[in-house]
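Chains as they are written, first to last, in our numbering: chain A, 1 to 164; chain B, 1 to 205.
Treat the hints with care, since some could be wrong.
[Said to hold, decoys possible] Below, simulated DSSO-like cross-link-like pairs (lysine-lysine); rule was C-alpha separation at most 30 angstroms, straight line:
| no. | chain 1 | residue 1 | chain 2 | residue 2 |
| --- | --- | --- | --- | --- |
| 1 | B | K189 | B | K126 |
| 2 | A | K30 | A | K142 |
| 3 | A | K142 | B | K32 |
| 4 | B | K95 | B | K106 |
| 5 | B | K126 | A | K30 |
| 6 | B | K95 | A | K129 |
| 7 | B | K114 | B | K94 |
| 8 | B | K182 | B | K94 |
| 9 | B | K182 | A | K54 |
| 10 | A | K153 | B | K106 |
| 11 | B | K106 | A | K52 |
| 12 | B | K11 | A | K109 |
| 13 | A | K46 | B | K32 |
| 14 | B | K32 | B | K20 |
| 15 | A | K21 | B | K185 |
I should point out that these hints are in silico values taken from the structure, not numbers from a laboratory.
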Amino acid sequence: MESSKEEFLEILSNYQGILHKVSLIYFRNKSEREDNFQEIIYQLWKSFPQLKNKNSIGSWIYAVSINTSIYRLRKESRIEYREKLPESVDKFDLIEELSFNETSRRLLKAIYNLNEIDKSIMLLYLEEKSYDEIAEILGLSKSNVGVRISRAKELLKQNLSHGK
Amino acid sequence: MENNELQNTWKNIDAEINRKTTDELDQYLTAKCRKTMNKFLFLLSIDIVTAIGLIVFLIITAFNRQGDLIYQSNNLILGLITLSALVISFFSLKKLQGNRFNLPLKELLEQRIKLLSEWLMGRYSKLHIVLIPILVAMIMLSIHVYYEYKPFLEVMKDGESVYGLIAGFTVGLFVSFFAVSKIRKYQLKNLEFLNDLHGQLCNIN
Numbered sequence: 001m002e003s004s005k006e007e008f009l010e011i012l013s014n015y016q017g018i019l020h021k022v023s024l025i026y027f028r029n030k031s032e033r034e035d036n037f038q039e040i041i042y043q044l045w046k047s048f049p050q051l052k053n054k055n056s057i058g059s060w061i062y063a064v065s066i067n068t069s070i071y072r073l074r075k076e077s078r079i080e081y082r083e084k085l086p087e088s089v090d091k092f093d094l095i096e097e098l099s100f101n102e103t104s105r106r107l108l109k110a111i112y113n114l115n116e117i118d119k120s121i122m123l124l125y126l127e128e129k130s131y132d133e134i135a136e137i138l139g140l141s142k143s144n145v146g147v148r149i150s151r152a153k154e155l156l157k158q159n160l161s162h163g164k
Numbered sequence: 001m002e003n004n005e006l007q008n009t010w011k012n013i014d015a016e017i018n019r020k021t022t023d024e025l026d027q028y029l030t031a032k033c034r035k036t037m038n039k040f041l042f043l044l045s046i047d048i049v050t051a052i053g054l055i056v057f058l059i060i061t062a063f064n065r066q067g068d069l070i071y072q073s074n075n076l077i078l079g080l081i082t083l084s085a086l087v088i089s090f091f092s093l094k095k096l097q098g099n100r101f102n103l104p105l106k107e108l109l110e111q112r113i114k115l116l117s118e119w120l121m122g123r124y125s126k127l128h129i130v131l132i133p134i135l136v137a138m139i140m141l142s143i144h145v146y147y148e149y150k151p152f153l154e155v156m157k158d159g160e161s162v163y164g165l166i167a168g169f170t171v172g173l174f175v176s177f178f179a180v181s182k183i184r185k186y187q188l189k190n191l192e193f194l195n196d197l198h199g200q201l202c203n204i205n
């Protein structure tokens, strides 16, 4: 048990960036992100015994992180529907992310403007995941992934140009 | 921004993220496990205390009415229902604890939608309409008849007692249906949200 915990913590330590990034795109508030980060760790730990293929650790972490975040949004009714977003996003101040430069902030704001599913698609695209990996994580077909990525990219670029 | 530019900006964001140490991650995990376990035990203890309290009441009152067969049968059935509810809630809580998030998103959404749809619109979704009045009536009878200090049939023949029972039954029914409708409304909203997400994921038009 202790050795599996050590192994888990080692994996977690190496891949924790994924957890931070998924929390970052779904939760704007720092404390919500911390809560979500902790929840993802717990969900990963729960499903760790089922992880058989150590070659797909990344995909497993992405899947659990995205699913947990979306489930948390549902549970806490934090979902914001697209039609309500434009004004709230413009008002949103990334003051907490002071270390991010202007370009990074613009990109984050543009991502916040996407719907929940497009956010995860865009994240996986920006992380340079292959179509196969994205299809595996989201449960979509490869061709569907291609269509979804180009559409999400288009929306992101529109959001970026509006945010100038 | 071009595609490469997007990915490079994203890399900058990645580089700015503060990583936690292994000790910090361990503390996060331990704290969360403890919190979840406490929540599970808290919910379970509420369940157990309520159910045991009711069962003890049913046993004591049934013993005090040794000759009243109808009253004893009423209490026996109520006791069995309470016991079954306790076992079901224990397994439901355990099942809830065992939820796994390591499935592909589409599969997870479909699983949850199926589960909620069955509960809200499935074959047994209207069962509560029949069960609630029966249970409320049985509980009312058990309490009311006992504190009237008369046999079951005599209480039923007493007009004043019957009016009291009807009033108590109506209030109990209203409270129970109100609570159930609140829960169902919340779950319907959840189902709507999950369907919306599933639509976002699968709709490529």
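Do the hints match the structure? See the list:
1. B:K189 to B:K126: 18 angstroms, holds
2. A:K30 to A:K142: 34 angstroms, violated
3. A:K142 to B:K32: This hinted pair is violated, its Cα atoms lying about 36 angstroms apart.
4. B:K95 to B:K106: The hint holds at about 21 angstroms.
5. B:K126 to A:K30: 43 angstroms, violated
6. B:K95 to A:K129: 33 angstroms, violated
7. B:K114 to B:K94: Between B:K114 and B:K94 the Cα gap is close to 19 angstroms, so the pair holds against 30 angstroms.
8. B:K182 to B:K94: 24 angstroms, holds
9. B:K182 to A:K54: 44 angstroms, violated
10. A:K153 to B:K106: 21 angstroms, holds
11. B:K106 to A:K52: Holds: B:K106 and A:K52 sit about 21 angstroms apart, inside 30 angstroms.
12. B:K11 to A:K109: 16 angstroms, holds
13. A:K46 to B:K32: 11 angstroms, holds
14. B:K32 to B:K20: Holds. B:K32 to B:K20 sits at ~16 angstroms (cutoff 30 angstroms).
15. A:K21 to B:K185: Violated, at roughly 33 angstroms.
Hints 2, 3, 5, 6, 9, 15 from the list above are not met by this structure, while the remaining hints are.
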